[in-house]
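Peer 1: Going down the list, the protein sequences come from chains S and H. If you want the working numbering, it's the position in the first sequence, counting the first as 1, plus 703. If you want the working numbering, it's the position in the second sequence, counting the first as 1, plus 703.
The hints are simulated quantities; they were obtained by calculation from the structure and are not laboratory data. It cannot be assumed that every hint is accurate.
For identical chains, the list gives no copy identity; a pair is met inside one copy or between any two copies.
[Stated by the list, open to error] With a cut-off of at most 30 Å between alpha-carbon atoms, the simulated DSS-like pairs for lysine-lysine come out as follows: (1) Lys807 x Lys1093; (2) Lys1080 x Lys740; (3) Lys994 x Lys917; (4) Lys911 x Lys972; (5) Lys776 x Lys911; (6) Lys833 x Lys936; (7) Lys833 x Lys1082; (8) Lys994 x Lys1093; (9) Lys873 x Lys1048; (10) Lys1048 x Lys936; (11) Lys972 x Lys738; (12) Lys1021 x Lys1082; (13) Lys917 x Lys740; (14) Lys872 x Lys1021; (15) Lys972 x Lys807; (16) Lys994 x Lys1048; (17) Lys1048 x Lys738; (18) Lys1021 x Lys1068; (19) Lys776 x Lys819.
Quick caveat: nothing in here was measured; it's all calculated off a predicted structure.
2 protein chains.
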Amino acid sequence: MLAEIITIGDEILIGQIVDTNSAWMAQQLNSTGIKVKQITSVSDDADHIIESLTLAEQRARIILITGGLGPTKDDITKFTLARYFNMGMRRDQGVLDQVEAFFKKINRPMIDSNIKQADVPDGCTVIPNKNGTAPCMWFEHNGNIIVSMPGVPFEMMYLMEEEILPRIKKAFALPAIYHKTILTAGLGESFLAEQIMDIENSLPPSIKLAYLPKLGQVRLRLSTSGPDEAQLKEEVEIYARQIVARLARYVVAEEDVALEKALLDLMQKRGLTLSTAESCTGGFIAHLITKHAGSSAVYAGGAVAYSYELKESILGVKETTLAAYGAVSEQTVKEMAAGAIAHFKTDYSVAVSGIAGPDGGTADKPVGTVWIAVASKTKVVARLFTFGNKRIQNIERSAMSALSMILNQVKEDTN
Amino acid sequence: MLAEIITIGDEILIGQIVDTNSAWMAQQLNSTGIKVKQITSVSDDADHIIESLTLAEQRARIILITGGLGPTKDDITKFTLARYFNMGMRRDQGVLDQVEAFFKKINRPMIDSNIKQADVPDGCTVIPNKNGTAPCMWFEHNGNIIVSMPGVPFEMMYLMEEEILPRIKKAFALPAIYHKTILTAGLGESFLAEQIMDIENSLPPSIKLAYLPKLGQVRLRLSTSGPDEAQLKEEVEIYARQIVARLARYVVAEEDVALEKALLDLMQKRGLTLSTAESCTGGFIAHLITKHAGSSAVYAGGAVAYSYELKESILGVKETTLAAYGAVSEQTVKEMAAGAIAHFKTDYSVAVSGIAGPDGGTADKPVGTVWIAVASKTKVVARLFTFGNKRIQNIERSAMSALSMILNQVKEDTN
């Protein structure tokens, strides 16, 4: 079963927002056994929306559309759908009640454009949107299903989980899709491929292997589809086990998780705690960790010590160290890590100090120079990294390197 | 001049990665006066790539393709392009030298699949990729320009900035595009639209107004295109000034900046400093601030105080306060903010404590309950927010609300 996603909105095509909806929807569809054939982003332009929809209907049986349902003038999706399906518009009492209730709840007056939210093409099934005022519309056309949802992520997510996916599952009898992801860190994709070339060549045509590199990590993903999920899993796992055994040194997790989640899981299993002492990463490592539910079992907290003063007052870095070696130095970053262990009373800590850029570089410490230290109660290890000249990338790569360093240290200490 | 973006990779269609490249490329193209007509994501499937390219060439004159250029088996883009353009493959000596130099620099042996990176369709112009081993390929076809780039963001960005855009500017004579964005916070899009309805109705057909809502902020974007940039700007600014005057209370910035950047700019102009004391946002506010170059002029640092112990030891929250009212309470969040002012010695601080979820909620403090306090040297103000039950959204909304609260407080104190 194939699906396509069409995202509508000028804001996507001028790059003002990153389309995060499609990736999330594609994940949900995949785990339901539906393959996404194409993701198309088009502007709020009726002719172009109709062209995209016409083509999508030729390639796939499920078309999920997001965006262009707001109460303002530039939102034309529902009128365009009415034109595409040759339908008139009707005012839906259910949506109107919903909109009225919504405005009552947030205690704000309802204006004319809000009332017009209740107008829908007269041949669609309206699916109530509990989190907003734009209706979700379900169309059946030539045996295909076309659904129009709001583009606001949490409204779309709720509708997908609670309404759309259950209805799609009912409407079609779907084959299973099975993905197995192996997360590795520390070796580039071409070297990984070289090491497992014989295993890759022995894969049956029904199993696909993809290499997904990202910031020092490579995900190896084995995929297959068929009628029987248990059998798919069994087939894929035979090859997955061979790959994991071959690449053991570099394997961080045998599931598709973020690097920091693999670290949290490992530390939680070992009953270990962690704190952070960040300078150039500015809280990004803390954020990566704490965005995961349950991180408080491992993570106590940390400092974002951007200024010299905070490095001294929160982390106990010595003024003489900062004066002699500077903030971006092995000595300082080791004192930061040791200070975190002492002040935050955790089993491990990680400290990062570097020059993220674009300014602040010098001849001997150019932008991209980053020191990272990992401390346990018995030792402190530091490493120097040299990244590029882009601030955001330096922050991300520093964070990923820091997470890899803790992960390796914990593996080494507890094996 | 119209362009299209085609991103190739199974990882996009199964939702394993979010396509951030397209938004960035679209921004760059827009500022060069090129409109993006469509963004298409397809899998590593030769027939589908060719279908997308054929259709894109019918709609646009510039096609930018990313992805599928890695050294592994699933990367088929360059072979597919050779087929599409009826070209053979040749080994490019320049790319081979580049690849050899790259592996020498990172001090790793080169394997067969790396050498094959130097194979390109024989009718393309090769653009050297200084940051990786995949070549960038430039094709001219029926008066159109088709460029294939690696999907690794920093490789693609460097190539776009340094090579592709300058060459495109040379190849075509392009009209200017002018966007003016007004960032507002604190009022929903339909209410903003109601307040400026007369201005919106008076816009000439050449100027488009779009509402872009996101996490408590709405961006109003006026767009137009034409031959003379100075004139476009002049025309748009007439209406922009009217809108800004009408919505003054809600206007945060008259440019397309992130909320935290608007805050940093305002505080820097006023010579003020800021610190953070985060619990449920877990470093996300610090990260939002420090991802901006130059943030150290305003931001001193802060604490991520996830545990009770760290709330006491770093921020000086009283044990009795935590025991009597709990971590998520007006009393605690006020002490956190006051503690940040006292310990981190800044003019303002913001503190956040809440239940991000999915667990940890109680009957009187359900998931989504968040207290935020803003402190200056003379006062501490706290507000209770009630968000939903999604962890990431609660973190994001808490951070945006915190930034809005500081912004309002600074505006109020310094007006």
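Peer 1: For every hint, state whether the structure bears it out.
Peer 2: Structure-based check of each hint:
1. Lys807 x Lys1093: Between copies only: 23 Å across chains, 47 Å inside a chain, cut-off 30 Å.
2. Lys1080 x Lys740: neither (52 Å within a copy, 57 Å between copies)
3. Lys994 x Lys917: Answer is both; intra-copy 19 Å and inter-copy 19 Å each pass.
4. Lys911 x Lys972: Neither: 32 Å inside a copy, 56 Å across copies.
5. Lys776 x Lys911: between (46 Å within a copy, 10 Å between copies)
6. Lys833 x Lys936: Answer is neither: 37 Å inside a copy and 41 Å across each miss the 30 Å cutoff.
7. Lys833 x Lys1082: For Lys833 and Lys1082, neither the intra-copy (53 Å) nor the inter-copy (39 Å) Cα distance is at most 30 Å.
8. Lys994 x Lys1093: both (24 Å within a copy, 11 Å between copies)
9. Lys873 x Lys1048: neither (53 Å within a copy, 60 Å between copies)
10. Lys1048 x Lys936: For Lys1048 and Lys936, the Cα distance exceeds 30 Å both inside one copy (43 Å) and across copies (57 Å).
11. Lys972 x Lys738: Classified as neither; 35 Å inside a copy, 51 Å across copies.
12. Lys1021 x Lys1082: within (18 Å within a copy, 33 Å between copies)
13. Lys917 x Lys740: This pair counts as both: shortest intra-copy Cα distance 23 Å, inter-copy 28 Å.
14. Lys872 x Lys1021: neither (62 Å within a copy, 53 Å between copies)
15. Lys972 x Lys807: Classified as neither: same-chain Cα gap 48 Å, cross-chain 41 Å, threshold 30 Å.
16. Lys994 x Lys1048: Cα proximity of Lys994 and Lys1048: in one copy and across copies (22 Å, 28 Å).
17. Lys1048 x Lys738: neither (48 Å within a copy, 55 Å between copies)
18. Lys1021 x Lys1068: Classified as within: same-chain Cα gap 21 Å, cross-chain 42 Å, threshold 30 Å.
19. Lys776 x Lys819: within (11 Å within a copy, 52 Å between copies)
The earlier numbered hints that this structure contradicts are 2, 4, 6, 7, 9, 10, 11, 14, 15, 17.
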